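Undergrad: As a plain string of letters, each chain reads:
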Amino acid sequence: MVFSSLVFLFRFMPVFFLIYYLVPRGAKNPVLFVGSLIFYAWGEPRYTILILCSVVVNYSLAVLISRFRLQRHRALRRVFFIFALFYDIGMLVAFKYTAFIISSINSVFHLNITVPVIALPLGISFYTFQIMSYVIDVYLQRYEAENSLLNLGTYLVMFPQLIAGPIVTFSRVRQGLKNRRLHYSVIDNGMKLFVMGLGCKVIFANSLGNIWTGCMSAGYENISTLFAWMGMAAYTLQLYFDFSGYSLMAIGLGQMLGFRFPRNFAHPYISRSVTEFWKRWHITLTSWFREYLYIPLGGNRKGTARTILNMLIVWLVTGLWHGAAWNFVLWGLYYFVILLIERLFLKRFLDRSIFFSRVYTLLLVMFGWVLFAAPSIGDAIVYFSRLFTINPGTDFIEYFYTYWYIFAAAVFFATPVPARWFRRHRDSALTYVFLIAVFLVSVGILVDSVYNPFLYFRF
Amino acid sequence: MRFFKNCPFLSIIVLISLCLFIYGILLTAGVLPASNTVNFSVDPETVGVAAAMQDIKSRFSNLVEGVQDRDYTVDYMPTEYVPDEELANNLGVDTGEDEEKGPEEEKEESESEKKDAEAAARRAERSERMKNGESEEFLKEAFKTRLPENDASDTGDSYDGFYSVGDGYFTGGDTVIIGDSREQGFGLYSGLDGIVSYAQKSYGVHQVFTKRWIDSEVGKLTLEEAMALNKGRFRKIYIMFGLNEMGWADETTFDNAYYQLIDMLKYYQPDAVIYVQSIINVTKSKSQTSNVFNNENITRRNEALKVVAEKEHVAYLDLNSVLTDEEGNLPEYYASDGIHISQKYMYIWVDFLKSHAVLSSGSDTQYVTGYTPEKDVSDIGENEEAGENDGSEAEESPDSENENNSESENAVDTESGGSDNIEIEDIAPAANGENTTENWETGEGIN
Chain A
-2 MVFSSLVFLF
8 RFMPVFFLIY
18 YLVPRGAKNP
28 VLFVGSLIFY
38 AWGEPRYTIL
48 ILCSVVVNYS
58 LAVLISRFRL
68 QRHRALRRVF
78 FIFALFYDIG
88 MLVAFKYTAF
98 IISSINSVFH
108 LNITVPVIAL
118 PLGISFYTFQ
128 IMSYVIDVYL
138 QRYEAENSLL
148 NLGTYLVMFP
158 QLIAGPIVTF
168 SRVRQGLKNR
178 RLHYSVIDNG
188 MKLFVMGLGC
198 KVIFANSLGN
208 IWTGCMSAGY
218 ENISTLFAWM
228 GMAAYTLQLY
238 FDFSGYSLMA
248 IGLGQMLGFR
258 FPRNFAHPYI
268 SRSVTEFWKR
278 WHITLTSWFR
288 EYLYIPLGGN
298 RKGTARTILN
308 MLIVWLVTGL
318 WHGAAWNFVL
328 WGLYYFVILL
338 IERLFLKRFL
348 DRSIFFSRVY
358 TLLLVMFGWV
368 LFAAPSIGDA
378 IVYFSRLFTI
388 NPGTDFIEYF
398 YTYWYIFAAA
408 VFFATPVPAR
418 WFRRHRDSAL
428 TYVFLIAVFL
438 VSVGILVDSV
448 YNPFLYFRF
Chain X
378 MRFFKNCPFL
388 SIIVLISLCL
398 FIYGILLTAG
408 VLPASNTVNF
418 SVDPETVGVA
428 AAMQDIKSRF
438 SNLVEGVQDR
448 DYTVDYMPTE
458 YVPDEELANN
468 LGVDTGEDEE
478 KGPEEEKEES
488 ESEKKDAEAA
498 ARRAERSERM
508 KNGESEEFLK
518 EAFKTRLPEN
528 DASDTGDSYD
538 GFYSVGDGYF
548 TGGDTVIIGD
558 SREQGFGLYS
568 GLDGIVSYAQ
578 KSYGVHQVFT
588 KRWIDSEVGK
598 LTLEEAMALN
608 KGRFRKIYIM
618 FGLNEMGWAD
628 ETTFDNAYYQ
638 LIDMLKYYQP
648 DAVIYVQSII
658 NVTKSKSQTS
668 NVFNNENITR
678 RNEALKVVAE
688 KEHVAYLDLN
698 SVLTDEEGNL
708 PEYYASDGIH
718 ISQKYMYIWV
728 DFLKSHAVLS
738 SGSDTQYVTG
748 YTPEKDVSDI
758 GENEEAGEND
768 GSEAEESPDS
778 ENENNSESEN
788 AVDTESGGSD
798 NIEIEDIAPA
808 ANGENTTENW
818 ETGEGIN
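Chains A and X, in that order, are what the protein sequence lines are.
Once you know that position 131 of the first sequence is 128 in this note's numbering, the rest is easy, because the numbers rise by one and skip nothing.
To convert, take the position in the second sequence, counting from 1, and add 377; that gives this note's numbering.
Keep in mind that the hints were calculated from the coordinates and are not lab data.
Being a predicted model, the structure only gives us computed values, none of them experimental.
C-beta atoms are modelled at their ideal positions from N, C-alpha and C, and glycine is treated no differently.
Among the hints, a few may not be true.
Stated by the list, open to error - Simulated coverage check for chain A against chain X, where a stretch passes if three residues somewhere in it have a Cβ under 8 Å from a Cβ of chain X: (1) 170 to 184; (2) 206 to 214; (3) 290 to 298.
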């Protein structure tokens, strides 16, 4: 189920929250657990078993790790820990990367091994990272292993962040799972955030997506230069509103449940360097990689050469995390190179400028999205060739006339201005009218579009 | 109650949703009359709210644009198009009081109220007879009485095969394409100039009378209005609808809307050959991931479309015969998104249309490069043959040019000579007797 679907909005959400608010405190976690499983199983019931296995395996191993904490059991602890990591990463690799690995081997060694068709379990990249953060934290003795299987299960399958983030670490919701208070004002604010997220997703992302789909369906090799630029800009905005809208909905739902989820996006497109961009884009993922990969590798404390190597590893993995294909690897390498250059000397100059640095960042990020969105590296090269050669054509005009106002509004809403206004006028009548209008328009659009794909859905 | 006081925003949203929900229930239960009778099944699991929202939206747009939705739910049969008199007045277009008409229709024109009652009675009678299982004889009977005799657009039973033609067939400014984003893609990337495109992304067959989007000097027009404004201009009309309508629960609604579209086109473009193009299948990966947009559903819809085309006596073009692989899937490399054919492979579609042409007027003969006698041409081999013919055209150009000239002169003669159109019956080479037939045969003789 997706948040931006009529089934979720008008069936799941009312029924679930009605039960959730009515049951006594002790029954809230079981309700949340069962409700989340229904949410997860709605479209693809067969992989529900996989996420439940992940809960049980990691729960048991973490309890064991926690129990053998004495110095003389160090080896045993390590065995359990490695087994947990092996299981989590193994499952992720098996279900997400098998086809990629086999087809890569085939092309390198000119073999003909059959590539298996494995449907990607929903949200496996997200929940695997969440549970890994828990096991690692327990191993590093940041906190005790959770004694209640139900609580850990509730944490992992909790529906707001289950399929597309934000990546919430266990430490963040640990207290809340045991004992949380529901405040009326927080619930109400959660609903506002949810409606805002819904608007981002349905009004902006879905309609801007049509422009990019237009580029795709025309075929990259046919589009005019202006259409190529327009499509790239549209995709840039679409991806942001799609993903940040989803995160916003998740945060809002979290507040309605009584949890505080971390912020995932902080207006990334106003960044003044790519380094800053990655501090504002998908924050929970970047901080996960920093905390659980970059710093354990040694971070920047082991000399320049080692730092560069660590960065390379982190960005290759980041690329691969986003998708099992070579263009994602290239996309990761692309950011590695840019971030390295910025780290070595460019950042100093960028920090001094206000306008140029923003143009520079936005352009580089947009080119990055072309690598990201293209079905293959060859397609990306074709797209770049359309961007930088003169190809006259009128194919963009119709899209421009249809979508220019959404474009303009989307650009405005990508800046921090509306968010700042909202923070100041949370309860003003104007906010209410605006958000109710957003809700009605979103539902109106949803009723029309049978076709509502979510970009980060299959990650 | 404390909840409502402390969570004002959530309460408002809940109230709105509740209102939508109750309104939807009342609508679907038939307690309240719905403004939009098109049966949208956007999401069958939430149909209450969806129906309510759809209804509110259509009422709202009716209010703003002053457009009335059409009713597609009643049983509908071909050739019942009634021109909108108001539309005619607004546009200053002659809807054809002085047009040649069957006597029955003329009578109906003059007494529109009586005609409405008659139509209703006819519909009632029809649905009655359909129920009794008399459909086939009944249809035959209906066509005998209702079809105008000299109607060039009725190609269905009267064409025995398709001609192969050159580019010129399409580029004379009298070709129009109507449809959704895929047809739009054809207009943009087919490489054929001069085709008028009334195709747009997410355009649906139910919107041809209501959606104002076509640019003109007099403002945005619906397809109906555009056709009225360009009355008699078009000779070849290619239609492709169906993919956006896959989600509709009621398939007869789709058929009914299609019938009304074709009848409207026939009325305003009496000389045109109308082609109903099959819905092109999607790729295997697309088909597997969608329980709505899959090839099984598309095939079912295409069967229905074929029936529509047969009943309307217009040409049906099975594009899937050349665009899909042996399993009936669109090859993955044809469409990067699984749906829209990329320019690289657009030529297959173009070639198919070129090898499946019905001649609409005498001047079309000059483009003829071949003839395929089969009625249902789905063999790829024959298309290849057509391609060869295209190539050989250049070699024989001196001869054929001469002949072409004489033909077009003849054609002009016939046209000025009184009979407005060359009847399709005459196009078929087998038919003989009249002057024009010889010209057509010479046309065939080029090859």
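Undergrad: Next, verify each hint and record whether it holds.
TA: Quick rundown of the hints versus the structure:
no.: 1; hint: 170 to 184; result: holds (count 3)
no.: 2; hint: 206 to 214; result: holds (count 5)
no.: 3; hint: 290 to 298; result: violated (count 0)
Hint violations for this structure: number 3 only, all remaining hints satisfied.
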